[in-house]
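Trainee: Line by line, the protein sequences are chains A, B and C.
Going by this note's numbering, the first residue of the first sequence is number 1, and it counts up by one from there.
Going by this note's numbering, the first residue of the second sequence is number 1, and it counts up by one from there.
Going by this note's numbering, the first residue of the third sequence is number 1, and it counts up by one from there.
Just so you know, these hints were derived from the structure itself, not from any lab.
Please note that a few of the clues may not be correct.
Claimed, not checked - Rough simulated footprint, nothing fancy, chain A against chain C, three-plus residues with beta-carbon under 8 Å:
id, stretch
1, 126 to 138
2, 243 to 251
3, 294 to 307
Just so it is clear, CB atoms sit at the ideal spot from N, CA and C, and this is done for glycine as well.
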Amino acid sequence: MIVQVILNALVQTAICMIMALGLTLIFGVMKIANLTHGAMYALGAFIHYSLIEWLGLPFVPSLFIAALAAFGGGAALERAFFRGTGASPVVAIICGMGLSTILINVITNIWGAWPLRIQTPFSYVLKIGRSAIGLHNVVIIIVSISIALLLYAFLKWTKFGCAVRGVSQDQEAAWLIGVNVNTVGLITFALGTMLASIGGMLTAPITAASPTMGGNAEIMGFAIIILGGMGSLGGAIVGAFLLGFVDTFVTTYVSGGYGGAVAFVFMIIVILLKPSGLFGKKGRQI
Amino acid sequence: MAKQEGPILEIHDLCKNFGGIKAVDELSFEVKQGEILGLLGPNGSGKTTIFNLITGVYEADSGRIKFEEHDITNELSYKIALKGISRTFQATKLFHNQTVTENIAIAMIARTRKKHASQETAQRIDNVLEFTHLGKVKHALASDLTHAQQRRLMVAMALIEEPDLLLLDEITSGMSGEECNEVMEIAKKIRDRGVTIVLIEHNMRVAMTLSDRIIVLNFGKKIADGTPGEISKNETVLEAFLGREE
Amino acid sequence: MVRILDLFKKRTTYFFIAVVILACMLPLYFKSGYSLRLMVTIGFSIITAMCYNIVIGYMGYPSLSQSVFYGVGGYTMALITLRLGVSPWIALIFSPFIAFAVGYLAAIPFLKLRSMFFAIGTLAFTGVVNAVLINAHKITGAEAGLRGIPRLLKSDTAFFYIEIVLIIAILFGTKILVESYWGKILTAIREDEDLAPHLGINTTKYKRLAFALSAAFTGLAGAMFISYQTYISSNYFTIGSSFSILACTVVGGGGSLIGPIIGGLIVVGVPEALRGVLKGLYIWRPSFMGAILVAVILLFPGGIYGGFQKLAGYLRKRGEK
Chain A
1 MIVQVILNAL
11 VQTAICMIMA
21 LGLTLIFGVM
31 KIANLTHGAM
41 YALGAFIHYS
51 LIEWLGLPFV
61 PSLFIAALAA
71 FGGGAALERA
81 FFRGTGASPV
91 VAIICGMGLS
101 TILINVITNI
111 WGAWPLRIQT
121 PFSYVLKIGR
131 SAIGLHNVVI
141 IIVSISIALL
151 LYAFLKWTKF
161 GCAVRGVSQD
171 QEAAWLIGVN
181 VNTVGLITFA
191 LGTMLASIGG
201 MLTAPITAAS
211 PTMGGNAEIM
221 GFAIIILGGM
231 GSLGGAIVGA
241 FLLGFVDTFV
251 TTYVSGGYGG
261 AVAFVFMIIV
271 ILLKPSGLFG
281 KKGRQI
Chain B
1 MAKQEGPILE
11 IHDLCKNFGG
21 IKAVDELSFE
31 VKQGEILGLL
41 GPNGSGKTTI
51 FNLITGVYEA
61 DSGRIKFEEH
71 DITNELSYKI
81 ALKGISRTFQ
91 ATKLFHNQTV
101 TENIAIAMIA
111 RTRKKHASQE
121 TAQRIDNVLE
131 FTHLGKVKHA
141 LASDLTHAQQ
151 RRLMVAMALI
161 EEPDLLLLDE
171 ITSGMSGEEC
181 NEVMEIAKKI
191 RDRGVTIVLI
201 EHNMRVAMTL
211 SDRIIVLNFG
221 KKIADGTPGE
231 ISKNETVLEA
241 FLGREE
Chain C
1 MVRILDLFKK
11 RTTYFFIAVV
21 ILACMLPLYF
31 KSGYSLRLMV
41 TIGFSIITAM
51 CYNIVIGYMG
61 YPSLSQSVFY
71 GVGGYTMALI
81 TLRLGVSPWI
91 ALIFSPFIAF
101 AVGYLAAIPF
111 LKLRSMFFAI
121 GTLAFTGVVN
131 AVLINAHKIT
141 GAEAGLRGIP
151 RLLKSDTAFF
161 YIEIVLIIAI
171 LFGTKILVES
181 YWGKILTAIR
191 EDEDLAPHLG
201 INTTKYKRLA
211 FALSAAFTGL
221 AGAMFISYQT
231 YISSNYFTIG
241 SSFSILACTV
251 VGGGGSLIGP
261 IIGGLIVVGV
271 PEALRGVLKG
281 LYIWRPSFMG
291 AILVAVILLF
301 PGGIYGGFQK
311 LAGYLRKRGE
321 K
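Using the sequences and the accompanying hints, generate a full structural model.
Mentor: Spelled out as structure tokens, the structure:
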């Protein structure tokens with residue numbers, strides 16, 4: 001039984017991690033707490049659904065196309081609304097809340113408020129001893145690990161990745177050495193949004209797609225980045241494990257309803273005791 | 001405010017570390033009633049840290065701070081201000097979106113709420129603005145003032161609280177020679193009214209001219225204590241500032 | 001008091017009296033059940049926005065926990081009347097005190113945070129409270145809620161008039177507060193909280209009191225609201241509800257006396273008023289609220305009232321040339 005719970009926790013961790021990595025990227029680089037993350041998580045799932053149901057495209061290619069669409073959407077959001085709000089975090093938060101409301105309303109009006117079922121091609125169920133895990137969940141775990149590794153490689157070994165790291169440490173200095181901070185911000189925001197959408201697309205076959213599906217995921221994402229230290233990718237990964245496991249255990253052994261509250265409680269505890277998180281320092285870079 | 005004999009401020013073996021760096025290292029000194037004490041030292045020698053310790057911004061790791069017979073070590077900032085210590089800051093700290101008069105009115109609030117009638121309040125504000133040469137700009141927004149005017153506004157806000165001890169942190173930074181002279185005149189008038197002043201200064205001319213006594217710090221420790229004349233000839237001080245000739 | 005006589009010299013006083021009289025006459029013209037309900041709903045939005053204005057507009061703390069205190073008041077009304085069988089007026093009297101206490105206790109840990117962390121912390125607080133409300137369904141009825149809460153007053157019109165009285169009371173209360181030394185202290189906290197203690201201001205005490213006071217009146221409004229609805233559900237007290245109150249205050253203009261009133265009228269009133277006119281567009285109501293909020297926060301930080309003041313100032317300057 002415990003093996004089953006651990007397997008469930010791993011899946012939960014994987015989903016949280018994808019959300020948290022995107023949020024950390026955006027926060028670390030642009031100092032913006034992106035409250036549209038959850039809405040884009042949902043939008044990704046719905047665009048994916050539409051590509052499959054309305055255009056008849058298969059699951060995986062649709063995923064890539066929808067991810068690209070989300071990338072574009074994120075870029076548009078950054079350019080139109082979030083540019084320059086890094087200096088006033090409260091403005092960014094309020095702006096994010098407003099945009100999120102609009103996006104969720106749009107989703108509700110286009111696709112309806114009722115949850116939509118999405119079929120996954122990965123329906124095989126793997127048995128491990130007395131526990132079982134769907135192939136789809138395994139895919140989620142593999143994708144999240146891949147994203148983490150790709151992100152690490154990107155930041156460490158590519159030229160643009162270095163620019164990103166530079167901007168996250170000191171925007172002014174980055175300008176001075178010739179980095180186009182605006183472009184970095186744009187790409188980063190788009191990338192983070194794309195990751196959110198991927199999270200939504202992968203989760204939708206499990207939980208069904210509804211306009212407000214992103215709310216919980218976003219809260220968990222924030223809880224993780226606060227826990228792990230805002231702006232620290234390593235912290236986001238550790239935080240994802242912590243939250244994923246505690247949340248799953250609470251949901252399994254204590255009570256189903258309180259699962260969502262775990263994230264909030266984590267946030268409050270960390271914010272009150274050590275706002276910079278487990279791994280963060282003030283002004284910590286990625 | 002009763003004037004007693006004895007030093008107005010006493011620092012005993014004060015220590016403050018920041019993650020392994022000793023910003024203030026077993027520092028002891030006293031400030032005499034009515035004097036202007038200069039606090040000098042190279043960058044990073046701990047001067048602003050001392051001000052922050054005195055005014056309750058930082059908690060001391062060890063040591064005692066005594067003000068007029070009260071132990072104010074680790075006391076809350078607002079209580080220290082109410083006891084009679086006012087300060088200005090290295091970076092210009094003002095209410096930028098408020099007018100000059102409003103800034104002073106806010107600074108007065110804690111002390112005057114019950115004491116003065118509103119007419120007297122207006123008079124006192126005008127007096128302090130005249131004193132700091134800000135009478136002409138009393139309705140301007142703080143953000144519209146020149147740099148020197150803003151620095152003087154900080155002094156005005158500190159003065160309206162009727163302090164016994166005034167801490168000035170690099171008040172002349174960014175000022176021209178003329179502006180420095182203006183500030184020095186104001187400082188002398190403040191001292192003539194019986195307010196004790198401790199000055200952190202990088203401008204040597206100002207420090208030497210104004211100070212009755214100077215304490216020099218280096219790496220958080222006191223390396224010299226004497227009159228401006230004595231300090232300017234002190235070997236250790238010169239070495240700290242200029243380095244040793246090899 | 002000489003000051004009251006001075007008021008009669010100002011044009012704004014007459015304007016204000018005219019507006020109040022007009023407002024009082026509204027129920028005479030808009031008699032339909034729907035119109036009255038709308039006016040009462042807008043009234044509640046305005047009242048909560050005015051309370052919230054103290055914390056975000058004057059003190060500069062972007063709280064997201066207003067719906068918690070609204071809920072404290074609401075559940076006080078629901079539980080006291082339903083479980084103890086007591087008159088709703090007694091519950092109404094208790095509600096601000098309980099909300100004050102909860103507000104003060106919450107203030108102690110959360111006001112140690114600033115700006116973004118404060119916003120996120122209070123958002124998380126609202127989430128936890130909402131989760132507790134949903135799970136403690138034996139006490140709170142969770143989402144399905146509790147019914148049969150007695151009404152303070154039978155008619156919607158009566159509620160409307162009480163709201164007008166309350167709005168005027170809070171308006172004057174806020175004005176007196178802001179023009180007293182409290183106003184200066186709140187300004188100091190909003191503009192430079194690190195400087196304020198060095199001027200002798202006990203920021204901790206005043207922050208907590210202001211926050212708790214705002215919570216108290218929000219709770220009062222919540223109690224009234226629940227009595228009006230005769231039904232309570234945890235759905236009334238979510239993060240989204242906090243967001244609506246924020247939208248009303250910020251859009252109207254935080255830090256001004258009539259900003260929240262304008263905000264409430266526009267954010268809640270306009271979509272509803274146009275409901276009959278643009279039938280199909282009603283489903284875009286949340287987008288309207290979000291869009292207006294985004295436009296205001298990015299373009300007119302002072303809200304609609306702030307924009308209006310700037311315009312007036314600009315026209316005045318042009319007139320002087």
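Trainee: Hint numbers the structure violates, sorted upward?
Mentor: Of the numbered hints, all hold.
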